[in-house]
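Engineer: Spelled out from the first residue to the last, the chains are:
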Amino acid sequence: MVVPASGRFGPYGGRYVPETLVPALDELADEFQRAWADESFQDEFQRLLREYVGRPTPLTDCPRLSEATGLKVSVKREDLCHTGAHKINNAIGQCLLAKRMGKKRVIAETGAGQHGVATATACAAFDLRCEVYMGEEDCARQELNVFRMRLLGAKVIPVSSGTRTLKDALNEAMRDWVTNVRTTHYVIGTAAGPHPYPYMVRQFQSVIGFEAKRQCEERYGQLPDAVVACVGGGSNAIGVFHAFVPEEAVQLVGVEAGGCGLESGKHAAPLNAGSPGVLHGSYSYLMQDEHGQVLPTHSVSAGLDYPGVGAEHSYLKDIGRVRYVSATDDEALSAFQQVSRLEGLIPAFETAHAFAALFQPGLFRKGDRVMVCMSGRGDKDMVAASRLLQL
Amino acid sequence: MTGRERLEATFEALRGRREGALVAFVTAGDPALDRLPAVLGALAEGGADIVEIGVPFSDPIADGPVIQASSFRALERGTTPRAILECLSRVDCPVPLLLMGYWNTVLRFGPEEFATRAAEVGVCGTILCDAIPEEMDEWFAVSRRTGLANVLLAAPTSSPQRLDAIARLASGFVYAVSRTGVTGARDEVPAEARRLVSDLRARASTPVCVGFGVSKPEHVGDICRFADGAIVGSRLVAHLHETGDRPDWEASLRTLVAELKAATRA
Ligand SMILES: Cc1ncc(COP(=O)(O)O)c(C=O)c1O
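Chains as they are written, first to last, in the numbering used here: chain B, 1 to 391; chain W, 1001 to 1266.
I should point out that these hints are in silico values taken from the structure, not numbers from a laboratory. Even glycine gets a Cβ: it sits at the ideal position worked out from N, Cα and C. Mixed in with the good hints there might be a few duds.
Per the computed footprint, the stretches of chain B lying under chain W, defined by three or more beta-carbons under 8 Å from a beta-carbon of chain W, are [what the hints assert, rightly or not]:
no.	segment
1	8-19
2	252-262
3	278-285
Isolated chain B (complex conformation):
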């Protein structure tokens, strides 16, 4: 189904980058292939996931949420990973690779700050220099994470160009990489970007789905009827979906940021309302105008506020294997409160979009066993939430 050598998922993916970067992408693809097949790399990666990240993460049944939705809801607890989100799985993997390649400097982009924190954490642990690009607007709405990154010894570089959010942080990180490519590894935080990133990030994140699948089999003696995840660039979603893609009976649902509603144009839902194009080195669904200019996005959640999406999701959409829906800011904020009150689980704003799908009519049948990927916890969003919600 997937052709890692050419970096294409059906027609999607590929490499649309300045020539300067191609040798580094080739090196990365080769090194990743070698490392992934290398027992000692796998041992080290698995050991770190176990002893440092705290894997396997639990699968938690949610009786009160089940009652409220008429479903049998369980939650895969990526929020319990060290640093509070799934992003660390990929950051650890890529920083191990950076070490293998002898690169001593690491850069990253971040939206919600979770990937920046994860990368800063891995860099502290592995003694790598770390610089993180973050849009000015995101620095303001995720200020706690900015401080965390600094505390971890990373340099946070606010990005003031363009829309001052995740897209422009990625642009700046790419420009840095083009300049410092010989000494620097760029840790992309999601399943987007040029080959080999979409494939490599999926492999590093696929632990989520493989664990969850085993946990479901052990606990329920069966697979869930549906798996739900939020989709920004798509790393937690592809990570949880991957193990289930061949299981045709399992419905897969990706939830994009509907912002103020798809009809308003103020959203970040390229799979629902975009068209294929090239951004950040990859051919995939994209929010763009008739001239191919990338459109501004809106989401209450910084981590979903991105006009593009990982190439594999575009492919899974076209072949009909995954259903992509959207949840608005209001739906996400409502789910954010419901899940907090009903289960004592405070999700990240990003994750709240996945939970919002449980309340949407017509997606699931009554009594369906639905597993939600709880990609992260909501601590980082407390300042923003306290402004948005009157409690």
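Fit chain W with the ligand to the known structure of chain B by using the hints.
Structural biologist: Using the frame of chain B, we list chain W with the ligand on its own:
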């Protein structure tokens, strides 16, 4: 004569005069698009041998702050690829014109239609900063059919195998990127630029021009001692932005270009 042939003729004439090419870059739509014909006129009169017209894109990852800002100003003025081509259809520029930009612009327009229209309005070729040879089979075929030159970028990091492919597939000239990095004025021409040019020349007879960071006559002079031409972008874009509203802006642009051009004759 096709665009490719015009570029070949340009380099041949330059060789005959023992001059390097001065390749000038400006952003379409900055200043406003209706002034592009006058800008092209001043560049040609000042002595530019080839002009690259930047097609503004919202996410220019290969560009430094000067060209980024210029692209955003152009987009804010509502500059579109269609309007640029329309504008060029009314210009009769004495020097070859290239369109420079990013692949998504062409993709969205429709590669076949874009190339056909560009050739119709007299454009000689394209430079797509994020289009690498292995992804571009379709575009190579389309540009060959329409006679457009396909200028490819070569970088100091390119492997020998990649340089083979680039030298073989490029037409018009090869754009040798002087350093790892984005566009923008720098203080000197790095030694690795010279190495890259000689590596490329050993592979094919296609002319090689050096760009990225070239801003002063001294740089142009240095480069023309080992390459077929020098490409100046950010310096001209910044100059136009600073002086564009003055009554004597055309003369000022001509003078700057003439200084740069003089260095190609040294
Ligand atoms: C908790 C959490 N979930 C989801 C996302 C969205 O990213 P992705 O789609 O790559 O999982 C982010 C990104 O910042 C995040 O922090």
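Engineer: Going through the numbered hints above, which ones does this structure break? Give me the numbers in ascending order.
Structural biologist: Checked against the structure, the only hint that fails is number 2, while the rest are satisfied.
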